Amino acid sequence: MQSIRDNNISGTSCTIVLCGAHTHGRKYVDWELKGTLDKEHGLIGVQLPSVARATDGKSIVPTRLHNNIVSGYALWITWDQLMGGANALKGYIEDALDTARRPKRLIVNGRDMMRRNTAP
Numbered sequence: 026m027q028s029i030r031d032n033n034i035s036g037t038s039c040t041i042v043l044c045g046a047h048t049h050g051r052k053y054v055d056w057e058l059k060g061t062l063d064k065e066h067g068l069i070g071v072q073l074p075s076v077a078r079a080t081d082g083k084s085i086v087p088t089r090l091h092n093n094i095v096s097g098y099a100l101w102i103t104w105d106q107l108m109g110g111a112n113a114l115k116g117y118i119e120d121a122l123d124t125a126r127r128p129k130r131l132i133v134n135g136r137d138m139m140r141r142n143t144a145p
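Under our numbering, think of the first position of the sequence shown as 26, with each following residue one higher.
For the record, the hints were derived by calculation from the structure and aren't laboratory data. Model, not experiment: these values are computed from the prediction. Heads up, some of the hints might be wrong.
Unchecked claim - Computed list of lysine to any residue pairs in SDA-like fashion (alpha-carbon distance at most 25 Å, straight line): (1) 115 with 127; (2) 129 with 42; (3) 59 with 43; (4) 59 with 116; (5) 52 with 140; (6) 52 with 94; (7) 52 with 103; (8) 83 with 144; (9) 115 with 37; (10) 115 with 103; (11) 52 with 116; (12) 129 with 139.
To be verified - Derived DEER-like restraints, expressed as beta-carbon distance ranges: (13) 140 with 119: 34 to 40 Å; (14) 106 with 81: 20 to 26 Å; (15) 112 with 140: 38 to 44 Å; (16) 116 with 80: 31 to 37 Å.
Idealized CB from N, CA, C, for every residue including glycine.
Just need the whole structure built from these sequences, with the hints factored in.
Here it is in structure tokens:
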């Protein structure tokens with residue numbers, strides 16, 4: 026966790042999580058999400074076409090990301106939205122960093138870190 030904070034999260038202001046078929050079950054993704062939220066950085070989840078789906082058709086994403094999407098802190102966008110134009114990514118990052126729209130009090134980061142991968 027210390028290495029993730031020092032080597033991957035430091036020097037950034039926003040983390041983008043690409044959510045595919047097995048992302049929800051990867052412990053290091055959870056650890057990076059925790060490090061991002063500990064530092065109160067912006068957070069964007071991107072639904073890839075390969076995202077895992079529940080029986081009701083909803084996307085399955087890492088729980089820590091889901092909690093922050095529901096709270097209103099993290100953005101949730103599709104790959105098509107991200108690829109929508111040259112300034113799309115810049116606009117989403119600016120939105121994720123807008124503390125008036127996404128105040129730090131919305132961060133949900135109390136759950137224990139994953140200890141092992143739960144997806145293949």
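Consistency of the hints with the structure:
{"no.": "1", "hint": "115 with 127", "in the structure": "16 Å, holds"}
{"no.": "2", "hint": "129 with 42", "in the structure": "19 Å, holds"}
{"no.": "3", "hint": "59 with 43", "in the structure": "16 Å, holds"}
{"no.": "4", "hint": "59 with 116", "in the structure": "24 Å, holds"}
{"no.": "5", "hint": "52 with 140", "in the structure": "6 Å, holds"}
{"no.": "6", "hint": "52 with 94", "in the structure": "19 Å, holds"}
{"no.": "7", "hint": "52 with 103", "in the structure": "23 Å, holds"}
{"no.": "8", "hint": "83 with 144", "in the structure": "17 Å, holds"}
{"no.": "9", "hint": "115 with 37", "in the structure": "14 Å, holds"}
{"no.": "10", "hint": "115 with 103", "in the structure": "15 Å, holds"}
{"no.": "11", "hint": "52 with 116", "in the structure": "29 Å, violated"}
{"no.": "12", "hint": "129 with 139", "in the structure": "23 Å, holds"}
{"no.": "13", "hint": "140 with 119: 34 to 40 Å", "in the structure": "35 Å, holds"}
{"no.": "14", "hint": "106 with 81: 20 to 26 Å", "in the structure": "22 Å, holds"}
{"no.": "15", "hint": "112 with 140: 38 to 44 Å", "in the structure": "40 Å, holds"}
{"no.": "16", "hint": "116 with 80: 31 to 37 Å", "in the structure": "34 Å, holds"}
Violated hints amount to a single one, hint 11; each of the other numbered hints is respected by the structure.
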